[in-house]
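Asker: This is what each chain is made of:
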Amino acid sequence: MDRRRFLQALGGVACSAAAHPLMTTVTLAGSDGGQPLGDHRLVVVILRGAMDGLDVVRPIGDAAFASYRPTLAAGPAPDLNGYFALHPTLEGLMPLWHAGQLGFVHATSTPYRDARSHFDGQDILEAGTGLDVPDSAVRDGWLNRMLQAMPGLRAETAYAIGSEALPLLAGSATVRNWTPEQKLELSAQSQLLLEHIYHDDALFRDSAAEAFALTAAGGLAQMSDGMSPVSANRNLADTDRLVDFATARLREDTRIAAFSLAGWDSHRNQSGSISLPLRRLDRVVQRMATGLGPDVWGKTLLLAVTEFGRTVRENGSKGTDHGTGGAMLLAGGALKGGRVLGQWPGIADADLYEGRDLLPTTDVRSWAAWAMRGMYGMDRNLLEGAVFPGLIMGDDPGLLL
Amino acid sequence: MRDDITTAAFRFGFGLPLPAKAPTTPRDMLAALSGLDRMAQAHPGPTMPPLLALMRESDSALKTSRRAEGAEAETARTTYRGLVAQIATIALSATKSTFARALDAPDGFRERLCLFWADHFTTSTSGRREAALPSVMMDEAIRPHVTGRFGDMLRAAILHPAMLIYLDQVISFGPTSRFGKRKGKGLNENLARELLELHTLGAGAAYTQADVRELAELLTGLIVAKDGFRFDPRRAEPGAETVLGIQYGGDSLEAITTALNDLATRPETAAHIALKLATHFVSDAPPPNLVDSIAAAFSGSGGDLMATYAALLNHPAAWEAAPAKARQPHEFTLAALRALGLTGAEVQAMGEGPFRRLILNPLAAMGQPWQRPVGPDGWPEDQAAWITPQGMAGRITWAMEAPGRLVIPLPRPEVVMEAALGPRAGERLRWAVPRAENIREGLGLVLASPEFNRR
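Residue numbers (this note's numbering), protein chains in the order written: chain L, 8 to 408; chain H, -11 to 443.
So here's chain L without its partners, still in its complex pose (with noise of 0.2 Å):
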């Protein structure tokens, strides 16, 4: 697929897009009829640059694989089920593990295959559709497919959080979209000025009201004034900032919140480059469940998910390259977790696809898919038609309590 195209696609619905009403007031869940998500949050990572699955939950009871990995392998690592552990910087996260509030899939991945290319890779994962629909039928992203469904939802139902691009939640249905170290200030007749010059513009229009709006909602400040400590480490308290952001939008109306942690591409010495991203991620985890506090985290679900996996192989220089199977991280207080789901295919030679890679033995999109249908037991005709065009189920595996 080519991603310009794609990315065309996106802007082409953005600027039809109905313009956002300008002023929201924030009213608390369940306060009028305009919720029809319930009280369910739905929180989406994306991972950017193939998370290494293998080394996040590491398959230490087949001895083959230390053989594949002499460098990444060593060390030890907390215990999962007897078969697999946990990534050692992952280690703070037990606790949650053995409340049944974590949990992962292995082995799973999109339906992309043999490229190998981040890009488009990260195309397909948000776009949520199988390689048999047309490049020109790919114009949003499935968690925005999902808003679509369900009529009566408003702008603050759902949040893209931070600087980057965020396909998954683009479309038609409207959503929020803010970093929140960004700050605008502006006097008031500059702002109706600037509104006038923007009216015909649809694109700088409804960008710029965006803008105001939430910098009106005055939602930014309240996160540097004491949310939000500074964290002792400064990689860190971007990631903080983040998390705090989400964390009290999600206390309030967002159902749905989106964001992505990049730096997983981890071609040269992998024990050190995945450390920050997984303390980042670690950190997500950990300051979501806190911050929401046991009501609110008891009702979420976060998934955490990667354009594929990374070779069975440690590479010569202590990395990895790309492959094909990843590994997902589900959790939440909605989750029936401290399990390691999927189907577990193996990592004897003979079991790895293309001779190189973790072989995929489930869809991400179903496991997405089950969650939806879980928390707002939306149709499943409606999951596998439009949603995830293409996508077939299969059985429950039971995701949520």
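Source of the hints: derived by calculation from the structure; they are not laboratory data. These figures come from a predicted structure and were not determined experimentally. Glycine included, each C-beta is placed from N, C-alpha and C at the ideal position. Don't take each hint at face value.
As the list claims (entries may be wrong) - Computed Cβ-Cβ distance ranges for the label pairs, DEER-style:
{"hint": "1", "chain 1": "H", "residue 1": "K171", "chain 2": "L", "residue 2": "G82", "range": "20 to 28 Å"}
{"hint": "2", "chain 1": "L", "residue 1": "A70", "chain 2": "H", "residue 2": "G290", "range": "48 to 56 Å"}
{"hint": "3", "chain 1": "L", "residue 1": "P85", "chain 2": "H", "residue 2": "R44", "range": "39 to 47 Å"}
Stated by the list, open to error - Pairs of lysine to aspartate or glutamate, DMTMM-like flavour, derived with a Cα cap of 25 Å:
{"hint": "4", "chain 1": "H", "residue 1": "K9", "chain 2": "H", "residue 2": "D280"}
{"hint": "5", "chain 1": "H", "residue 1": "K169", "chain 2": "L", "residue 2": "D386"}
{"hint": "6", "chain 1": "H", "residue 1": "K173", "chain 2": "L", "residue 2": "E361"}
{"hint": "7", "chain 1": "L", "residue 1": "K343", "chain 2": "L", "residue 2": "D402"}
{"hint": "8", "chain 1": "L", "residue 1": "K306", "chain 2": "L", "residue 2": "D403"}
{"hint": "9", "chain 1": "H", "residue 1": "K173", "chain 2": "L", "residue 2": "D403"}
{"hint": "10", "chain 1": "H", "residue 1": "K173", "chain 2": "L", "residue 2": "D402"}
{"hint": "11", "chain 1": "H", "residue 1": "K171", "chain 2": "L", "residue 2": "E321"}
{"hint": "12", "chain 1": "H", "residue 1": "K169", "chain 2": "L", "residue 2": "E321"}
{"hint": "13", "chain 1": "H", "residue 1": "K9", "chain 2": "H", "residue 2": "D25"}
{"hint": "14", "chain 1": "H", "residue 1": "K173", "chain 2": "L", "residue 2": "D356"}
{"hint": "15", "chain 1": "H", "residue 1": "K214", "chain 2": "H", "residue 2": "E128"}
{"hint": "16", "chain 1": "H", "residue 1": "K169", "chain 2": "H", "residue 2": "E242"}
{"hint": "17", "chain 1": "H", "residue 1": "K9", "chain 2": "H", "residue 2": "E406"}
Put chain H on the given structure of chain L with help from the hints.
Answerer: Here is chain H on its own, set in the frame of chain L:
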């Protein structure tokens, strides 16, 4: 009505007002491009060998500081800090030169092309020791070839230390090479994959994982030595490799350059480059006949870039398309600095603090941290990737705040509007600008307007 002079300024340069002696017809633009590259001399950039020496010295100081103890370690740390500070100074000065060239150039097209190709061959600054590499690569591998053959640029870019380091080629060993066996090291596929996907054939082209693997084996042996790249046969995977059905043998630099040449002239490469050029300069969805003409010129000339640009500039679609693209943040900033009358010399004279505060940091707020794209695919082209709520907040803030700190006294907003937008200033903008509360905000409206941010 077609207004080719305005189109030339916006689409192929840094906007209005046009610099003195600016070429505005395809013929004059091509003639200027074939002439001397005066800007490279007016605002020189750094070169690789002294920078490599600094990088080596800083590596060695860092190593000592970690190995040694007490006073020796402290001395080494001080030395290390001094060396990376020198590298940072070189990087900053190179960035200023890039800005200064764009501000002073009579033919903005050459500068736009250099930025386009630098993005096509993206390298990024990750660590402090590598801070100056993207700029050096632009000067050594891109600029000298921007009016030459694509194959020459490809070879210079792929073999440049900046690229070899950025895409991990320097740590790739032939698994059965002498060094690979002795050190137990092996292949890294990163550069080989991006070379096929991003630099030549394009993502949709018919190549396989086996081609990536074979190309990665073929590329083994490339290292960064004292003065630049070098081929070290002790790391090269022995034997022949087959890429896209062609066998390359000999474990030599020649085999690598032959493969690069073959890739440079493939029809898929022509189509890929043509689509990228048309998309960058003309439209996010360029007309297919424009792309086909450019691809045909590229193929017909064996990748001659002047012939390729001629096909772009001589095609009616290049002049007829509406200005519907968004200026990327660095183009927006450069166009604004030009509209405010800043010269290259003035930018060169700016202190580090103001240059970062007023130019580099705002670029990041607009979504384009200088020389730090997220991945090797460079910056997006699509307008929707730039005109986002966050991006607009960054642009509006800069438009309202920065000019007043760059130019004293500020020019009249109406004058800047006429000079920088001319016939493009729409009725709404003409109505709004005189109604601003003060000069600063009036100027902000001009620079934040859709007319100024589109091309």
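Asker: Cβ-Cβ distance between L/A70 and H/G290: within 48 to 56 Å?
Answerer: Distance hint for L/A70, H/G290 holds at roughly 55 Å.
Asker: Between L/K306 and L/D403, is the straight-line Cα distance small enough, at 25 Å or below?
Answerer: holds, 19 Å
Asker: H/K171 and L/G82, beta-carbon distance inside 20 to 28 Å?
Answerer: holds, 22 Å
Asker: Tell me if the straight-line CA distance from H/K173 to L/D403 falls inside 25 Å.
Answerer: violated, 45 Å
Asker: H/K169 and H/E242: Cα distance at most 25 Å?
Answerer: With a Cα-Cα distance of about 24 Å, the restraint between H/K169 and H/E242 holds, given a limit of 25 Å.
Asker: When you check the alpha-carbon spacing of H/K173 and L/D402, does it fall within 25 Å?
Answerer: Not OK: H/K173 and L/D402 at ~44 Å, beyond 25 Å, violated.
Asker: Hinted pair, alpha-carbon criterion (25 Å max): H/K9, H/D280. Please report holds or violated.
Answerer: violated, 32 Å
Asker: Are H/K169 and L/E321 close enough, with their CA atoms no more than 25 Å apart?
Answerer: holds, 15 Å
Asker: Take a quick look at whether H/K214 and H/E128 sit within 25 Å of each other, Cα to Cα.
Answerer: OK: H/K214 and H/E128 at ~16 Å, within 25 Å.
Asker: Below or equal to 25 Å on CA atoms is what counts here, so check H/K169 against L/D386.
Answerer: violated, 57 Å
Asker: Just tell me: holds or violated, for the beta carbon distance of L/P85 and H/R44 against 39 to 47 Å?
Answerer: holds, 41 Å
Asker: Between L/K343 and L/D402, does the CA-CA distance stay at or below 25 Å?
Answerer: Judged against 25 Å, a Cα distance of about 16 Å means the pair holds.
Of the hints listed earlier, those the structure fails to meet are numbers 4, 5, 9, 10, in rising order.
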